[in-house]
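Turn these sequences into a full structure, and let the hints guide you.
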Amino acid sequence: MIRYGNWRIWTAASVLLLCAFAYLFAPHDPYQIELGKRLLPPSSEYPFGTDSMGRCLLSRVLYGGRTTLGIVLLTWLATLAIGLPLGIAVGFWRGRFRALGDSFLNVLASFPPIVYLIVWMGAWGSGTNTVVVALTIASLVSLVKLVKARAEIERDKAYVVCAAASGASRLRILFWHVPPNLIRESVVLLSLISADIVLMISGFSFIGLGVGEGGIDWGAIMTDGRTVALLRPDIMLYPLALIVACAFAFNVLGEELK
Amino acid sequence: MPGQRFVRSAADVVLTFTVVTLLSFLLMRASPIDPAEAFAIRNSLQPSDERISELREAMGLDGPLIKQYAAWLHNAVRLDFGRSLVNNKPVLSEFAATVPFTLRIVALSAAMQALGAILLGCLGYRYRGKGIGSVVRFVTVAGVSVPSFYLATAYLDTIAVKLQWIAVASGQGLLRDWHPALCLAVPMAAFYGRMLTGILVKEMEEDYAVYARCQGLGENYIMLRRGLPHALLAMLPNFMQSIGFAVAGATIIEQIFSVPGIGNVIVTSVVNRDAPMIHFSILLLAAVFMLTSRMSDAARTWLNRDSARGNGQ
Chain A
1 MIRYGNWRIW TAASVLLLCA FAYLFAPHDP YQIELGKRLL PPSSEYPFGT DSMGRCLLSR
61 VLYGGRTTLG IVLLTWLATL AIGLPLGIAV GFWRGRFRAL GDSFLNVLAS FPPIVYLIVW
121 MGAWGSGTNT VVVALTIASL VSLVKLVKAR AEIERDKAYV VCAAASGASR LRILFWHVPP
181 NLIRESVVLL SLISADIVLM ISGFSFIGLG VGEGGIDWGA IMTDGRTVAL LRPDIMLYPL
241 ALIVACAFAF NVLGEELK
Chain B
1 MPGQRFVRSA ADVVLTFTVV TLLSFLLMRA SPIDPAEAFA IRNSLQPSDE RISELREAMG
61 LDGPLIKQYA AWLHNAVRLD FGRSLVNNKP VLSEFAATVP FTLRIVALSA AMQALGAILL
121 GCLGYRYRGK GIGSVVRFVT VAGVSVPSFY LATAYLDTIA VKLQWIAVAS GQGLLRDWHP
181 ALCLAVPMAA FYGRMLTGIL VKEMEEDYAV YARCQGLGEN YIMLRRGLPH ALLAMLPNFM
241 QSIGFAVAGA TIIEQIFSVP GIGNVIVTSV VNRDAPMIHF SILLLAAVFM LTSRMSDAAR
301 TWLNRDSARG NGQ
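Read top to bottom, the protein sequences are chains A and B. Under the working numbering, think of the first position of the first sequence as 1, with each following residue one higher. Under the working numbering, think of the first position of the second sequence as 1, with each following residue one higher.
If you're looking for bench data, these hints aren't it; they were derived computationally from the structure. Note that CB positions come from ideal geometry on N, CA and C, so glycine has one too. Hints are supplied without guarantee of correctness; some may be wrong.
Computed far set for chain A versus chain B, every beta-carbon distance over 12 Å [stated by the list, open to error]: (1) Trp10; (2) Thr11; (3) Leu24; (4) Gly36; (5) Ser44; (6) Pro85; (7) Gly95; (8) Ala149; (9) Glu154; (10) Glu185.
Simulated coverage check for chain A against chain B, where a stretch passes if three residues somewhere in it have a Cβ under 8 Å from a Cβ of chain B [unchecked claim]: (11) 103-110; (12) 113-122; (13) 190-202; (14) 205-216; (15) 222-229; (16) 235-248.
So these bits of chain B aren't anywhere near chain A, every CB distance computed over 10 Å [unchecked claim]: (17) Ile41; (18) Ile66; (19) Leu92.
Okay, here's the thing in structure tokens:
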């Protein structure tokens, strides 16, 4: 059970929320190029200094958090909204083509998320939307698989039978009665996946795929930083610290909610 | 029934390939980017509309989707996967050149993962609740959370650029593969090390461990000779599957170390929207995952049968 005094959960959640919304307090415009102020060391005006184009590094790092965690958040919402009812429906389904459906699901689940990302970017090009869609589909597959397995157990439980007996429609059972019992495990799964997602988004951005031109992302900031690593080795460390913090926070969240 | 099982597996394989290739075709078709146009723009700055439609016809992109798919399938069963849109070389030979690089890295890294995981797992179990145990726990959690692409960059920038211990550009063979393999192995070793500690804790409370303790065997001996084999077998299916995933996971590391492996070719073709190459890479990855997941299933079945027999005695 969740103990609401569990400080680990609260710390992890606050780290993530901070990373997601701290861009609101960014001191400068993250796109503002000032070639006269290139690679300034940290100062009171630019707490993290400026990057190779004279942009405020702190603001860029904060906006990077918005991008990365925004992608994660959208993925979560879309995955839960589609995955829970779909998984329950598949789990309750006793139709004729069940075995075929199972095989189909297994085929899709045999690919790790990274493949969905590669394939989707190959077809649709880089960009935030592509990443969200690809990651949603990848997590959807794992979620549907999990929910399906759980729903097969839930199906025979008394409350479902009672609800059906008292006249609840199929849709009501599907969308109202069963989801609350599975949401906990779904969130655990998504938390654990999210740690990987954060690492994957930054990894792909780092090698030049990912959120694409103009998007600010921790991986992209690190790519910029790498070119000047000899002059300002610290540039790579700020986004790195946040990537690690977020991945760690998601792992902690998943573990503690278990 | 071995025969029936074989038929089922074969049907699964066929289904997988069909689903996967069909999906990749659908995806390409649904894409807002027209490969013919992209190709034309890459080759001449301002292509005329006639040139684009000519190209579309030449690339076989003008027919209905099912026709395109049928044509591709027709060639694919004869191992002709078309030509790369970028350099017009056969797709198969482009990929064939890359496979050894990736396989070497993945195999090496699997070995490192296993060794690292055993070391971390045993240390983590033996010293749990003590100083060393906390250090191991920190290392495993950090190993999972630090992005491997940063590890690879930092490794490269320190060892190669600053200390010049290794030559990045030159050097061939296994010695050169050590470095990307190591960077690929660290997160996985950390992951499995943590998992191993968890399993060991459980295994060491099993009856056989209690008996061994009653026999007066030392705790280290019991862990290494009794608990560890059980725990490793329990981890085997997962581990096998993750070897398959590593082929895809190597993409980013290969890019950083400039290894001309599978991942590198995939990224290049993704950047260039090289449809025939992308179709084939999906097929290849599907084959790899299917192979490793079959192996992992087989291992699981074998383990279950073994333990069922053990309980029966």
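Verification of the hints:
1. Trp10: 18 Å, holds
2. Thr11: 14 Å, holds
3. Leu24: 26 Å, holds
4. Gly36: 28 Å, holds
5. Ser44: 28 Å, holds
6. Pro85: Holds: least Cβ distance 22 Å, greater than 12 Å.
7. Gly95: 18 Å, holds
8. Ala149: 16 Å, holds
9. Glu154: 25 Å, holds
10. Glu185: 19 Å, holds
11. 103-110: holds (count 6)
12. 113-122: n = 7 at 8 Å, threshold three: holds.
13. 190-202: Satisfied; 3 residues make the cut.
14. 205-216: Coverage by chain B holds for the segment 205-216 of chain A (4 residues, Cβ < 8 Å).
15. 222-229: It holds, with 3 qualifying residues against the three required.
16. 235-248: holds (count 6)
17. Ile41: Given that every Cβ of chain A is farther than 10 Å from that of B:Ile41, nearest at about 13 Å, it holds.
18. Ile66: B:Ile66 clear of chain A: closest Cβ-Cβ about 18 Å, beyond 10 Å.
19. Leu92: 18 Å, holds
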